[in-house]
Amino acid sequence: MSNITVIRRQNALALFQAWAEAAVAAGAAPKGLEQAFARELEISPSMWSQIKSSRPIGDKLARQIEQHCAKPVGWLDEERESAGLTAAEQQFLALALNAWRATNSAGRRELRAWLSGRVAKTDPHST
14 MSNITVIRRQ NALALFQAWA EAAVAAGAAP KGLEQAFARE LEISPSMWSQ IKSSRPIGDK
74 LARQIEQHCA KPVGWLDEER ESAGLTAAEQ QFLALALNAW RATNSAGRRE LRAWLSGRVA
134 KTDPHST
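Numbering-wise, my numbering comes out as the position in the sequence shown, counting from 1, plus 13.
For the record, the hints were derived by calculation from the structure and aren't laboratory data. Heads up, a few of these hints could be off.
[Stated by the list, open to error] Cut-off 30 Å, straight-line C-alpha distance, at most; resulting in silico cross-link-like pairs (DSSO-like, lysine-lysine):
| # | residue 1 | residue 2 |
| --- | --- | --- |
| 1 | K134 | K44 |
| 2 | K65 | K134 |
| 3 | K84 | K73 |
| 4 | K65 | K84 |
| 5 | K134 | K84 |
| 6 | K65 | K44 |
| 7 | K73 | K44 |
[Unchecked claim] Simulated restraints on C-beta separations:
| # | residue 1 | residue 2 | range |
| --- | --- | --- | --- |
| 8 | V37 | L110 | 17 to 27 Å |
| 9 | M60 | V86 | 14 to 24 Å |
| 10 | A126 | G40 | 30 to 40 Å |
Positions of the beta carbon are idealized from the N, C-alpha and C atoms, including for glycine.
Working from the sequences, and respecting the hints, build out all of it.
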């Protein structure tokens with residue numbers, strides 16, 4: 014079983030994903046969604062950024078997030094099964110697979126190197 018810090022972060026990210034998808038479906042522009050979600054939670058965009066990467070979510074903040082997302086008390090603390098891929102993730106994977114299949118070995122190496130570089134830039138734990 015994962016620890017509470019990891020569970021809360023995963024659940025908070027899932028809440029953001031669902032919120033962002035609903036906002037985009039309702040016509041919101043993708044730009045600025047992170048800041049809008051932070052406002053919804055009544056936290057600063059900086060704090061939301063920290064939560065996404067490494068800041069633990071304490072009990073008080075967990076209850077605040079649950080309240081603003083209309084979830085019952087303790088919802089953020091419960092380990093969940095992955096809901097699977099979102100529609101956007103499925104579309105991205107299909108696009109990536111088409112790009113992979115449409116190129117030669119040099120192109121595949123270039124795609125892999127580019128993606129690895131992007132992950133290294135965004136993942137503080139990558140080496």
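Problem - Structure versus earlier hints - violations, ascending order - result: 5
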